[in-house]
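*Asks:* Residues per chain are reported as follows:
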Amino acid sequence: NAGVTQTPKFQVLKTGQSMTLQCAQDMNHEYMSWYRQDPGMGLRLIHYSVGAGITDQGEVPNGYNVSRSTTEDFPLRLLSAAPSQTSVYFCASSYFPSGGPGAGELFFGEGSRLTVL
Amino acid sequence: GENVEQHPSTLSVQEGDSAVIKCTYSDSASNYFPWYKQELGKRPQLIIDIRSNVGEKKDQRIAVTLNKTAKHFSLHITETQPEDSAVYFCAASISQTGANNLFFGTGTRLTVIP
Chain X
1 NAGVTQTPKF QVLKTGQSMT LQCAQDMNHE YMSWYRQDPG MGLRLIHYSV GAGITDQGEV
61 PNGYNVSRST TEDFPLRLLS AAPSQTSVYF CASSYFPSGG PGAGELFFGE GSRLTVL
Chain H
1 GENVEQHPST LSVQEGDSAV IKCTYSDSAS NYFPWYKQEL GKRPQLIIDI RSNVGEKKDQ
61 RIAVTLNKTA KHFSLHITET QPEDSAVYFC AASISQTGAN NLFFGTGTRL TVIP
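If you read the sequences in order, they're chains X and H. Heads up, the first sequence is in this note's numbering, so the first residue is 1 and it goes up one at a time. Heads up, the second sequence is in this note's numbering, so the first residue is 1 and it goes up one at a time.
A hint or two may mislead.
Unchecked claim - Calculated lysine to aspartate or glutamate pairs in the EDC-like style (CA-CA distance at most 16 Å, straight line):
hint	chain 1	residue 1	chain 2	residue 2
1	H	K37	H	D59
2	H	K37	X	E110
3	H	K42	X	D38
4	H	K42	X	D26
5	H	K71	H	E2
6	H	K37	H	E2
7	H	K68	H	E56
8	H	K58	H	E79
9	X	K9	X	E105
10	H	K22	H	E39
11	H	K42	H	D84
12	H	K37	X	E105
What the hints assert, rightly or not - These stretches of chain H come out as covered by chain X in the derived footprint (C-beta under 8 Å, 3 or more residues):
hint	stretch
13	13-26
14	42-51
Hints in this document: simulated from the structure, not taken from any laboratory. Backbone N, C-alpha and C fix where the C-beta goes; we use that ideal spot for every residue, glycine too.
Start from the sequences and build out the full structure, keeping to the hints where you can.
*Replies:* Below, the structure is given as structure tokens:
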């Protein structure tokens, strides 16, 4: 059971280049999301999905696209990279337990460190 | 949207002492409050969580309390050990329609001095 797998772990881009961060989970979770982590700012939600074919914007969606064609995969695309997108990106997935309010644990991938020059 | 504030940003304690980290949230509809521990260069990992229908939860040396009226929740670590040194994040979620969108605090760097 691999959990949440992200690739690549490290990437350097030039301003204006595009790329895709891959994310896959093998826990059959319907909910998946992408966060970015910047020093002193915690983690901020970029996009999320509640199931195949359904995506929505989070707090900081500008400059990013997502799609969800299968339950397992949730790629994040940077359309035209900017230095402001230099960050560590985390993919995460979650289940919803029965009984009681609220969701279950949010499981994170190992992260992808992106540098835009 | 939800706004989560976390204090202090850094905390140093002697080994064996207790550590307390406090968070406030803005949206009374939030119903799930997890705490994550992140070691340097690693992914955030859940250490404890609490739901809006519970006021307190304990797991060995870690406890969390929730005051819905005041909209704040706290993490308590007793008998701290050097391996507790890490960055801790609180978060709040308005769980709805299958979404678990967490809003995170800005983190507390805990250092346990041997």
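*Asks:* For every hint, state whether the structure bears it out.
*Replies:* Each hint, compared with the structure:
A C-alpha spacing of about 14 Å is found between K37/H and D59/H, which places the hinted pair at or below 16 Å, so the restraint holds. The suggested pairing of K37/H with E110/X holds, with an alpha-carbon distance near 14 Å, which does not exceed 16 Å. With a C-alpha separation of about 14 Å, the suggested pairing of K42/H with D38/X holds against the 16 Å cut-off. This hinted pair does not check out: K42/H and D26/X have alpha carbons roughly 20 Å apart, beyond 16 Å.
Taking the CA atoms of K71/H and E2/H, the gap is near 12 Å; set against the 16 Å cutoff, the hint holds. Taking the CA atoms of K37/H and E2/H, the gap is near 21 Å; set against the 16 Å cutoff, the hint is violated. Using a Cα cut-off of 16 Å, the hinted pair K68/H and E56/H holds, with the two alpha carbons roughly 11 Å apart. With a CA separation close to 14 Å, the supplied pair K58/H and E79/H stays within the 16 Å bound.
Using a Cα cut-off of 16 Å, the hinted pair K9/X and E105/X is violated, with the two alpha carbons roughly 23 Å apart. Taking the CA atoms of K22/H and E39/H, the gap is near 19 Å; set against the 16 Å cutoff, the hint is violated. Our distance criterion of 16 Å between C-alpha atoms is met by K42/H and D84/H, whose separation comes to about 14 Å. Between K37/H and E105/X the CA atoms are separated by roughly 13 Å; this keeps the pair inside 16 Å, and the hint holds.
With 0 residues carrying a beta carbon less than 8 Å from a beta carbon of chain X, the stretch 13-26 of chain H misses the three-residue requirement, and the given coverage is violated. Counting residues of the stretch 42-51 of chain H whose CB lies closer than 8 Å to any CB of chain X gives 7, so the stated coverage by that chain holds, three being the minimum.
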